[in-house]
Amino acid sequence: MDYLLLQVLNGVQLGLLMFLLAAGLTLTFGIMDLVNLAHGSLYMMGAYIAWTLIGWTDSFVLGAILTLPATFLLGIVVEAVVMRRLYARDHLDQVLATFGLILFFNELVRVIWGPAGKSISVPQFLSHTVDILPGVPYPAYRFAIIAVGAVVAVLLAWLVARTRVGMLIRAGASNRRMIAALGVNIELLFSLVFGLGAVFAALAGLMAAPLTSVKIGMGDDILILAFVIIVIGGIGSIKGAFVAAMVVGQIDIVGRAFLPDFLKTFMSNAAASSAAPAISQVLVYVVMAGVLIWRPTGLFGQRT
Amino acid sequence: MMAAFRTPRGLATVAILLVLAVLPLLTQAFDQRYLLSIGTRIVIWAIAAVSLNMILGYGGLVSFGHAVFFGIGGYAVGILDAHGVSSGWIQWPVGVAMAALWAALVGALSLRTRGVYFIMITLAFAQLLYYVGVGLEAYGADDGLNISRSRFAGLIDMRDKASFYWLCFVLLCGTLWFCSRFANARFGFVIRGAKSNDLRMTALGFPVFRYRLAAFTISGAFGGLAGILLANEGAYISPAMMSWVKSGDLIVIVVLGGMGTLFGPLYGTIAFFVLEESLPPVLNLVQKGWGEYWQIVFGPMLVLIALYARGGIDSLFGRRHG
Amino acid sequence: MKIRLFGPTTIMALALGLPAMAQSPIKIGFVSTFSGPQAAIGEDMRRSAELAKEHLGGKMGGKPFEIVYEDDTFKPDVGKQKSEKLVQQDKVNFVTGYIWSNVLLASLKTVTDEGDTILVSANAGPSQIAGELCNKNFFSTSWNNDQTPMAMGEYLQKKGVKSLYLMAPNYAAGKDMMAGVKRTFKGEIKGEDYTKWPDQLDFSAELAKIRAAKPEGIFIFYPGAHGVQFLTQYAASGLKGQVPLYQVFSIDAITLPQQKDLALGILGAQEWVNDLPNDANKKYVADFKKKHGTYPSFYGAQSYDAIMLIASAAEALKGDLSNKDKVRAEMKKANFKSVRGDFKFGNNNFPIENFYIQDTVKDAAGMLTLKTVATAVTAAVDPYASKCPMK
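Protein chains in written order, with the working numbering: chain B, 1 to 304; chain A, 1 to 322; chain H, 1 to 391.
What the hints contain is simulated information worked out from the structure, not anything from laboratory work.
Predicted model, so just to flag it, every value in this text is computed and none were measured.
One or more of the hints may lead you astray.
Sample of chain A residues lacking proximity to chain H, with all beta carbon distances greater than 12 Å (derived) [stated by the list, open to error]: (1) S86; (2) M98; (3) L128; (4) R192; (5) G205; (6) G260; (7) A271; (8) L307; (9) S315; (10) L316.
Derived lysine-lysine pairs resembling DSS-like cross-links, with alpha carbons at most 25 Å apart [what the hints assert, rightly or not]: (11) A:K161 to H:K91; (12) H:K53 to A:K288; (13) H:K260 to H:K371; (14) H:K214 to H:K186; (15) H:K214 to B:K264; (16) H:K91 to A:K288; (17) H:K136 to A:K161; (18) H:K291 to H:K362; (19) H:K333 to H:K344; (20) B:K264 to H:K186; (21) A:K161 to H:K324; (22) H:K290 to A:K288; (23) H:K109 to H:K333; (24) H:K182 to B:K264; (25) B:K264 to H:K162; (26) H:K371 to H:K283; (27) A:K288 to H:K59; (28) H:K318 to H:K63; (29) A:K161 to H:K109; (30) H:K283 to H:K344; (31) H:K387 to H:K333; (32) A:K288 to H:K27; (33) H:K109 to H:K391.
Yeah, the Cβ is synthetic: ideal placement off N, Cα and C, and Gly gets one too.
Taking the hints into account, I'd like the entire structure generated from these sequences.
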């Protein structure tokens, strides 16, 4: 029972981390109709910038907080230099240009920070474990990720449902021409939304860094997973991204924690231990394909 | 036909095809064996690019999983070879048929979606096969498999670089010929019409979905052919053949060359390989050691192409008539 | 008339040409990863190869030599393409490097069969090449994949560890590593997990399983950044101090600066450690440290040895590499001072060598480094050698 609880918690934590990354992606996608493959690069830049700032300030919290405005600025610059010119283009041009940006950022990081990876230590005050049940410890830092992810989710829900910007975001996701007709300063709105997306990506990168490692191309690995999430959820839908991220988080954990034992009930041990990781690796793709065949615009996507 | 020679585009195309036709003689004369290897890879990749162009360029369907057909063709050759079936007469038709079958299946499921959803679902299916390849322990898993080249007893020795090159070249010409027929037939007309407005084509009474599915299947079959050739070129197969980065490369090549044009994919492939081979040495000339950072130049070049060179290389020859 | 006219020029050409011929350099191709997330490994290898060149005074058997570096970008098809370029265009005498099994397998035939060029793998050691695919033109200065975990398993067996939990990424080398440790470790296997490759960023589910399985030890194979990742999550989970960790290829001089103190006290197996007490090794490690401020990794040591092995053959033949049979025969003698201590080649041209158990410690200056604590096995032969038809 406590084992099950532990694994559910692991799934929640993983899902919230993925949600941080997917939220920015679905925002820029939904409101600007922009396929941004370089979102993973912003995740990487967030982690590297945090590494530098944490080194300077000698404090995880301070460095992390300073990273957010820094990546907001980076996002604004990237938007102004490249992205702005891509909104009116078709998805293919966007894929091509942002693919180019990935190559650029990966090499840029190598020039600035060198080829070897970096590591950010878990901050001292979070490096212990907390007993969720007597005798069942859980790392405090993972609780911190859950907390940050939950705060961002609530913040975004409030932003989208209750504020003027949120209204425009919702309007933009369903009808782009309408917001232009409302006389809104579209350019400013787009800059802000892109900057916000960059901040979320960077937040995901810096929160993940103490658990993973800061390395070149770290964003490329999970970019596809983030895309899978927003596609399952329905592009432009924050709610969809949240639900899909939680689902993907649980699927991932189930595939790793329970599938091998499940397969062993009717397969040989050797066959099960080699089939399980293969199946769990493709499980999310199968789910995505299934969702799209059932609902071609995702769970919460706009019907056309 | 003759009129084509009078335009710069026609002249350039004829010149490129001529050089490609006699490439083995040139590389032999100048003792540049390595250039023939690059040439072979260019010709094979061009076949794949032309096949992707059928759906991406003419049909406007951004398939982000085309490299999977490299894998299907390659693994058909490799798996049959591992079981002692080395005859190309069996390997090749099986490879093409498997690729077409997979394309038909994926197409039937994914052509219902649009835009980004289509991009993602084609990617998902490609990833699916990629991980299956990684899990195929009997065939080397991610280490890949060294294979022996297909045998066409008495007809052609695949180990001879020049004959293999010519075989690839002939197949490229065949693919181009097929593609030109495809684009100009009623079939291609429907596909292209549906790209700009599929509601209208449907209203005109064309079963757009079925046309698209057929195009997707044909495109996959030619992709499989390229995979078969690629496996024979390297005498090696691995899941890396179908990684999503390869699919991305193919898209870059088609856009670079000029989407929806007959020879665009060929120009694109040549440009892509030439850039890849020449950027590092050129940068090294500027400053020793910079060559390794060539992607910092290549990346922004892609951005610029996407932003300012919409028609790709083909448009450098001026606007198309008709 | 013509003869008179040609005479002096011919003689001049000969006079100029002969020394030029004698001076035509020996060329060594070096295929490794110099871009992307794994570039740090390639850089360490290049530094070591350059150091070997420096120690040799830039000459082998009286001839100058040069090393041509090519980047495989961590992709098998690119590695194959670059190997082809080295053999066909640069016309190198040897090709070395190769971190990854798949890059090596893709390039093997191009170099050894079609190019009849000698390939010295400075790291990758897939079992196919040790067994049925063994090749007279192939030499290794590293190991076969199974050997290092076998050494670890043997050590744990002797130490009396009763049960293990095994973890590795789900790819070919990962499976070799698991198979390797199971060959020699006879205790209970409490569980084994293959994790996703290369995109797994989270080990929480597996660590929870380990907690539930209560093994006496955890055996891992997580090279590069994954090793950093595993160690941080292992430490954060609170398992450290409860279940000891044993590793192969997961802690090395390249990952240590990121793993920091988390790596202290975690035992691993390796065929070379930076403190091995032979003269060649002392010189190599000291000069490397003086130049780059860090300890070299085993990748570097194997690359250094690869260049030295090639030099020994060129030395014995006085720089004349025209007879391939003689070159192969000289290579096979392994007549050089290896930084791991002397070794012999087996029938499959893989080294028959010792494996050591190493621990992470701090040196006098407080820098993290690895230290030999025991010899796990001596003169180990890989388990595939008998499948190789070569004698």
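Taking the hints in turn, this is what the structure says about them:
no.: 1; hint: S86; in the structure: holds, 16 Å
no.: 2; hint: M98; in the structure: holds, 21 Å
no.: 3; hint: L128; in the structure: holds, 14 Å
no.: 4; hint: R192; in the structure: holds, 33 Å
no.: 5; hint: G205; in the structure: holds, 46 Å
no.: 6; hint: G260; in the structure: holds, 28 Å
no.: 7; hint: A271; in the structure: holds, 17 Å
no.: 8; hint: L307; in the structure: holds, 25 Å
no.: 9; hint: S315; in the structure: holds, 30 Å
no.: 10; hint: L316; in the structure: holds, 28 Å
no.: 11; hint: A:K161 to H:K91; in the structure: holds, 18 Å
no.: 12; hint: H:K53 to A:K288; in the structure: holds, 19 Å
no.: 13; hint: H:K260 to H:K371; in the structure: holds, 15 Å
no.: 14; hint: H:K214 to H:K186; in the structure: holds, 17 Å
no.: 15; hint: H:K214 to B:K264; in the structure: holds, 20 Å
no.: 16; hint: H:K91 to A:K288; in the structure: holds, 22 Å
no.: 17; hint: H:K136 to A:K161; in the structure: holds, 24 Å
no.: 18; hint: H:K291 to H:K362; in the structure: holds, 20 Å
no.: 19; hint: H:K333 to H:K344; in the structure: holds, 7 Å
no.: 20; hint: B:K264 to H:K186; in the structure: holds, 22 Å
no.: 21; hint: A:K161 to H:K324; in the structure: holds, 24 Å
no.: 22; hint: H:K290 to A:K288; in the structure: holds, 24 Å
no.: 23; hint: H:K109 to H:K333; in the structure: holds, 24 Å
no.: 24; hint: H:K182 to B:K264; in the structure: holds, 20 Å
no.: 25; hint: B:K264 to H:K162; in the structure: holds, 24 Å
no.: 26; hint: H:K371 to H:K283; in the structure: holds, 17 Å
no.: 27; hint: A:K288 to H:K59; in the structure: holds, 22 Å
no.: 28; hint: H:K318 to H:K63; in the structure: holds, 8 Å
no.: 29; hint: A:K161 to H:K109; in the structure: holds, 14 Å
no.: 30; hint: H:K283 to H:K344; in the structure: holds, 22 Å
no.: 31; hint: H:K387 to H:K333; in the structure: holds, 21 Å
no.: 32; hint: A:K288 to H:K27; in the structure: holds, 19 Å
no.: 33; hint: H:K109 to H:K391; in the structure: holds, 20 Å
Consistency with the previously given hints is maintained throughout, with no hint failing.
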